[in-house]
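Quick note, the sequences are listed as chains Y and F, same order. For the first sequence, the positions run 0 to 835 when my numbering is used. For the second sequence, the positions run 0 to 835 when my numbering is used.
Note that these hints are calculated values from the structure, not bench results. These figures come from a predicted structure and were not determined experimentally. The reader is advised that the hints may include incorrect statements.
Said to hold, decoys possible - Each pair of labels, with its calculated beta carbon distance range: (1) Y:Y99 with F:K323: 21 to 31 Å; (2) Y:R735 with F:S777: 19 to 29 Å; (3) F:D187 with Y:N40: 50 to 60 Å.
Yeah, the Cβ is synthetic: ideal placement off N, Cα and C, and Gly gets one too.
2 protein chains.
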Amino acid sequence: MSEQDMSSSQPQESKSISPYGPARSTVKGEPLTKEEIQKYNDFFKASLYLSLGMIYLRSNPLLTTPLDKSHFKARLLGHFGSAPGQIFTYMHFNRLIKKYDLDAIFISGPGHGAPAVLSQAYLEGTYSEVYPECSEDEEGLRKFFKQFSFPGGIGSHATPETPGSLHEGGELGYSISHAFGAVFDNPDLIAVTMVGDGEAETGPLATSWHSTKFLNPITDGAVLPILHLNGYKINNPTILARISHGELESLFKGYGYQPYFVEGDDVETMHQAMAATLEHCVLEIRRFQQQARSTGKAFRPMWPVVILRSPKGWTGPRKINEGKNYLEGYWRSHQVPLTDVHNNPEHLALLESWMKSYEPERLFAANGGRISAELRQELCPAGNRRMSANPVANGGILQKPLRMPDFRDYALKVDHPAVTLEGSMANMAKLLRDIMSLNPTNFRLFGPDETESNKLGNVYEVAKKVWMGEYFEEDANGGNLAPEGRVMEMLSEHTCEGWLEGYLLSGRHGLLNSYEPFIHVIDSMVNQHCKWLEKSLEVSWRHPIPSLNILLTAVVWRQDHNGFTHQDPGFLDVVANKSPEVVRIYLPPDGNCLLSVTDHCLRSSNYVNVIVADKQPHLQFLPMDQAIVHCTKGIGIWPSFSSCPPSTSPDLVMASCGDISTQESLAAISLLLDHFPTLKIRCVNVVDLFKLISHEEHPHGLTSTEYTSLFTEDKPVIFNFHSYPWLVYRLTHGRRNVENMVVKGYREKGNIDTPLELAIRNGTDRFSLAMEAIDRLSEGPGGVLKGKGGMAREELRNEQLRCQGLAFEFGIDPAEITSWTWPRERGGLWSERHHV
Amino acid sequence: MSEQDMSSSQPQESKSISPYGPARSTVKGEPLTKEEIQKYNDFFKASLYLSLGMIYLRSNPLLTTPLDKSHFKARLLGHFGSAPGQIFTYMHFNRLIKKYDLDAIFISGPGHGAPAVLSQAYLEGTYSEVYPECSEDEEGLRKFFKQFSFPGGIGSHATPETPGSLHEGGELGYSISHAFGAVFDNPDLIAVTMVGDGEAETGPLATSWHSTKFLNPITDGAVLPILHLNGYKINNPTILARISHGELESLFKGYGYQPYFVEGDDVETMHQAMAATLEHCVLEIRRFQQQARSTGKAFRPMWPVVILRSPKGWTGPRKINEGKNYLEGYWRSHQVPLTDVHNNPEHLALLESWMKSYEPERLFAANGGRISAELRQELCPAGNRRMSANPVANGGILQKPLRMPDFRDYALKVDHPAVTLEGSMANMAKLLRDIMSLNPTNFRLFGPDETESNKLGNVYEVAKKVWMGEYFEEDANGGNLAPEGRVMEMLSEHTCEGWLEGYLLSGRHGLLNSYEPFIHVIDSMVNQHCKWLEKSLEVSWRHPIPSLNILLTAVVWRQDHNGFTHQDPGFLDVVANKSPEVVRIYLPPDGNCLLSVTDHCLRSSNYVNVIVADKQPHLQFLPMDQAIVHCTKGIGIWPSFSSCPPSTSPDLVMASCGDISTQESLAAISLLLDHFPTLKIRCVNVVDLFKLISHEEHPHGLTSTEYTSLFTEDKPVIFNFHSYPWLVYRLTHGRRNVENMVVKGYREKGNIDTPLELAIRNGTDRFSLAMEAIDRLSEGPGGVLKGKGGMAREELRNEQLRCQGLAFEFGIDPAEITSWTWPRERGGLWSERHHV
């Protein structure tokens with residue numbers, strides 16, 4: 000390798016942006032012998048043959064008889080276009096894994112890239128080890144082909160069934176952030192990451208290049224991105240393949256990478272160029288790591304990026320349809336390259352000659368349907384060094400349980416319920432801090448620049464924010480930045496989520512904190528992760544991975560200062576639509592419940608856990624022992640806030656879910672009891688939202704009997720909910736007594752409000768709830784308050800108006816309103832009076 | 000200006016990344032006289048004074064008495080950090096508007112930048128014109144201050160109440176895409192677009208820089224981005240402010256811009272640098288436009304971008320708290336810069352001296368509380384040239400109705416219902432094509448590389464895809480690319496949506512087409528647009544803008560080939576949570592309904608219209624006249640597919656919503672009638688989803704009587720729904736007879752399925768629906784099929800199994816399955832037999 004010309008910053012010989020011609024590359028050198036080139040040619044052909052076979056064949060897998068339409072699947076599906084470039088990269092990286100005994104995974108970013116990685120997994124032998132029915136013989140190959148994009152089979156992405164995959168790529172844009180997530184705290188790992196030039200146009204991908212500003216070369220591994228300028232998307236050229244060479248080079252230097260170009264379509268020279276370039280990149284990576292590790296000084300080098308420009312559908316026919324249409328090097332090769340093989344003899348003949356050009360007889364049939372053992376041995380790594388078998392991509396295998404302190408040690412003292420104001424979130428931050436301290440290489444906290452704002456700043460005592468950018472003098476004055484930090488903050492929810500997913504998928508633990516409204520930014524990412532988890536449950540060899548924990552705060556009811564744009568609690572609706580096997584939603588009502596729920600979530604596997612909790616100081620309701628019982632049950636009657644024993648049939652159920660909603664509901668109970676001391680009120684609180692749904696729909700769901708034992712068969716239920724009210728209606732659909740349930744929650748209406756005013760407008764404040772209860776209790780022949788509620792209602796309304804007036808006069812201050820409307824004696828007295 | 004040194008590509012004198020020091024700028028020159036500098040200083044101070052006043056004061060607006068805490072709002076809210084740089088840019092651009100009579104708008108990207116634009120609008124006089132109560136005197140100023148971030152007042156973003164704003168910026172990331180959307184087809188417009196360095200970290204913003212590849216300098220205006228390296232986000236440094244000068248310069252050259260730096264904190268030299276730089280940029284823009292327009296040759300120049308590096312909280316105190324903490328040039332100046340003015344005498348004194356340093360006595364009090372007329376006249380443009388008064392930012396004013404062909408002319412012929420297969424989408428594409436032809440500067444079609452795949456390719460006959468990248472020879476072979484195109488395709492849903500929003504907000508029309516599953520990518524953008532519309536309804540001077548039309552196709556039921564990752568119909572849940580005043584959801588069951596619905600949506604204003612329709616060939620149900628009636632009603636009984644007259648009480652209601660769901664429901668009716676010819680089945684179809692909800696909740700909702708007249712008081716309802724079933728439960732909550740309604744829809748479970756198998760797994764196929772109906776009709780004492788359903792049920796199950804077997808054997812082919820299970824005679828016969 001010493002002959003290589005490393006002077007990458009020298010002017011390029013050619014600035015052509017054509018994918019055609021002999022190889023043009025930044026790194027010079029011819030590391031391969033003629034014999035080696037021959038072997039790489041064979042391996043390339045074998046893999047390309049498998050890729051076409053997957054797309055077309057359900058029989059005759061070795062083309063031992065002349066191809067005819069009975070051999071084809073009835074409906075042709077799958078994508079060829081990006082396969083050649085991906086295969087080319089994969090197999091050339093294998094050379095370096097063998098040469099340098101590298102620990103590497105392959106992340107396939109381009110859309111529908113599965114034929115590339117499936118064919119490589121099959122050629123490496125991993126596929127048949129994992130799926131013995133797809134054996135390495137003609138019949139096994141037939142099954143391997145037929146199952147692809149076929150009913151009951153496997154998809155056209157690198158789905159969870161794909162050995163070596165931790166990135167499905169169905170939705171594009173997350174390959175780089177997943178890759179970085181996987182290499183954090185994996186100092187010896189290289190994530191070879193193929194980035195499609197289509198994918199590269201997405202926002203999430205475009206900003207994720209900046210991940211290098213958060214990668215510490217001492218403690219983290221490396222990502223080697225290969226931007227594949229494949230030229231086309233489904234039906235359009237790609238932007239990055241159609242800008243000048245100079246712009247492209249500048250772009251990646253601007254992103255902080257040293258770009259190494261490999262461009263052309265001449266296979267032989269491309270072999271040399273790719274081999275030399277990848278080797279140079281690996282040596283660069285090792286040099287940077289060595290420098291940082293030997294000096295102990297973390298720095299941010301210009302990490303290498305390979306820019307591979309090759310024709311889409313490379314090695315396929317350049318033109319089809321009697322020379323009228325471009326195929327290779329055009330978007331027509333994106334999906335099924337020859338679409339009409341069933342009916343068009345030209346297509347059939349062209350496909351046959353094309354497939355035969357990959358020499359299946361010599362490469363497969365001559366060895367009983369498998370690649371020769373010699374070729375495999377010489378070109379592929381062995382065992383877990385195969386990228387298709389690297390345990391990192393089945394991260395559950397590597398998972399180590401978190402070391403957890405006892406969350407009870409962080410309990411808030413609650414002598415009298417609903418009397419003391421404490422910051423539940425700030426308190427929970429101490430638990431997080433100690434978890435981070437106990438797990439210095441196995442847990443990270445993620446968030447888009449909101450960790451401090453979300454009152455989690457306590458974690459900085461033990462874990463700074465990772466920062467590999469420049470430092471200024473003022474950073475020492477509360478900046479909490481360090482190259483060896485553990486908190487990951489970038490103003491991109493996409494990147495934070497992608498990092499966390501990559502970190503979890505490779506077997507580590509973490510938590511994302513975000514403002515509630517802007518978590519919608521990553522709706523689709525969370526959807527995709529849910530789908531990955533759901534599908535993984537069906538894949539026997541996949542081990543459970545740590546749950547994706549999402550902590551939502553800066554909640555809708557306290558977004559008065561940010562206003563209407565920051566008011567959207569609807570992420571729960573998105574999550575609730577996902578498979579019940581993988582989603583969990585918790586709304587802890589107070590600080591001790593938040594501790595209990597967080598502990599539970601961080602210990603769990605294979606879920607997406609969503610925790611919703613406000614970050615401001617709040618009244619505390621339950622002592623720790625009661626909080627644990629309540630969170631374990633997920634839903635229950637709170638005797639301390641009920642005016643009748645749980646066994647008694649109440650006049651009214653006051654239910655709540657969410658910390659602020661609970662506080663208002665309890666205050667409403669208090670107001671009602673002021674006016675009607677003998678009213679039998681049952682207080683029900685929900686922590687685990689899926690308790691509301693039938694146990695037939697979700698494993699956490701209550702049975703009908705359990706549900707009715709809480710919500711009664713016929714009594715009015717006033718349910719104060721954190722989010723949009725319809726979610727409760729949807730979850731309780733089919734339950735008894737829903738016709739008597741009124742759900743109050745957030746509805747869209749823009750204004751700059753005090754928290755109180757916002758609640759009043761939505762009917763979720765204590766006064767509105769109490770008035771609603773009076774109205775319901777005054778209805779019908781059996782209405783227990785019939786004719787008695789008028790004066791109380793009027794007093795409540797006046798008090799509500801008085802509070803509104805105060806807020807409008809003096810501005811927005813929830814603490815002021817809270818302390819003013821919630822007499823501190825009430826909780827204690829009441830608790831003693833009603834406790835059963 | 001001729002003295003300016005235009006050699007921007009020359010080496011910079013300094014590569015410092017500090018925001019401090021005398022101005023360092025790419026463009027040299029001192030275009031301002033000493034007197035002018037003095038005026039800009041005054042104007043800068045006046046605006047900064049107003050910004051602080053908004054944050055702090057509820058009285059004593061001119062500091063005519065010594066500042067004390069009674070003058071403060073009780074709760075201090077608002078953000079100062081980005082205001083100085085934004086104000087600086089705004090006022091220096093005003094000079095060029097006046098000098099060159101420019102048509103310009105200002106887009107404020109940084110978070111919470113409202114004080115900057117509000118203060119400028121006030122100084123330009125626009126604010127008091129629009130809101131006379133905020134008059135230009137002491138009392139008006141007091142109101143102007145107090146209302147900011149105050150209950151009942153205005154928010155801290157550039158909300159719809161802000162004159163001159165078409166970009167709120169509550170959620171970050173869309174300033175550049177909004178700006179480009181606004182200048183498309185606005186050849187004389189310049190969108191001066193301030194981009195925050197926090198915002199710049201988001202994915203959507205990072206990729207939106209590439210918008211220049213879609214901007215035609217002949218027919219479009221220009222965006223002048225000013226990247227504001229303000230240095231800090233809420234609590235972190237920003238990436239772009241902490242990379243090397245060279246990287247930053249490369250990044251923007253790579254994005255295709257010529258970067259012009261203006262860096263420093265020395266106000267006087269910064270005035271000169273900013274004035275010279277902005278002027279150079281304007282002249283560059285005009286030169287490029289002139290070159291393209293005079294030659295008729297569109298090209299993509301290196302458009303200018305200004306990189307303004309100034310300290311956060313610029314002109315504030317550098318240190319506070321007895322010199323212990325940095326304020327200016329640090330994240331502490333992000334929000335309320337001095338937080339403890341109520342209690343901390345140091346803060347109070349510091350604030351007073353700081354505010355007085357802006358000379359309110361001289362600049363305001365001396366003129367009766369207003370800026371001097373002379374200063375305004377010399378520095379501000381007049382009338383609509385003021386950026387705060389530009390009608391483009393109140394685009395409804397400029398809105399011209401679309402020229403629409405008669406959609407009836409595109410009707411699909413339906414002689415016999417449910418007999419002919421046609422591509423509803425491909426047919427609708429002809430309507431779209433002709434709309435594009437009739438509105439060559441007023442309508443654009445947007446989509447992320449899926450327009451052709453979505454069967455809308457017909458539009459290319461009259462409107463190519465905009466492409467300003469390089470061209471290759473193969474592009475002439477079906478590329479459909481042109482600089483003067485009208486179809487906007489980039490593989491970024493965020494950018495497409497942002498462009499469309501900008502285009503609509505400035506008063507033009509458009510439609511976004513997308514795969515259904517990946518529309519979740521822009522959940523949060525659509526949320527924000529809904530909120531903008533909702534709030535705009537309350538702003539009397541805002542004119543209605545054309546609706547945001549979103550066409551969703553490649554729907555969940557036909558995502559067999561792409562698999563599980565592409566199966567998510569839940570966008571409707573997100574939309575349904577938004578304000579009923581602004582959201583509409585349509586699921587046209589066939590081609591004529593799709594035409595009618597599309598026509599309706601494109602003519603509407605101030606809505607977000609979501610249309611869900613599959614792109615594959617489908618059975619056609621309604622002739623055009625019936626389709627119009629059906630779509631106008633939005634929901635109704637289909638007598639042709641019912642076996643009893645509408646006035647008759649049926650045994651069973653078979654309801655459906657969505658094209659594929661409707662087809663299966665009709666087929667189930669057919670199967671049921673095969674087995675039970677005398678069964679009284681009512682067929683109900685829903686086009687307008689909000690018909691299901693109560694009219695008290697949504698203006699389209701049915702009254703109880705209307706609802707019951709369709710869904711009966713007590714008969715079984717089998718509802719086949721396009722999306723997740725719970726959405727129907729949520730919408731029909733509280734309706735009569737919901738306990739007898741079974742909703743079938745999509746549920747998450749990953750597999751590679753035929754469409755039939757997917758439907759079977761969800762119970763949405765014809766067989767499952769028919770069996771479900773038999774089960775329901777066999778229940779209870781009044782079950783009309785009690786004891787009679789067994790044999791039919793068994794036959795249906797066997798037929799279902801036979802179809803499953805075929806699919807598994809031969810692969811995935813919906814058309815095959817469809818034509819096989821839907822006898823062509825059935826529709827006709829049946830229609831004649833049952834038509835009433």
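To see whether the hints hold, each was checked on the structure:
Between Y:Y99 and F:K323, the C-beta spacing of about 51 Å breaks the proposed range 21 to 31 Å. For the hinted restraint 19 to 29 Å between Y:R735 and F:S777, the CB-CB distance of approximately 23 Å keeps it satisfied. Distance hint for F:D187 and Y:N40: a CB-CB separation of about 58 Å, consistent with the stated range 50 to 60 Å.
Of the numbered hints given earlier, the model fails hint 1 alone.
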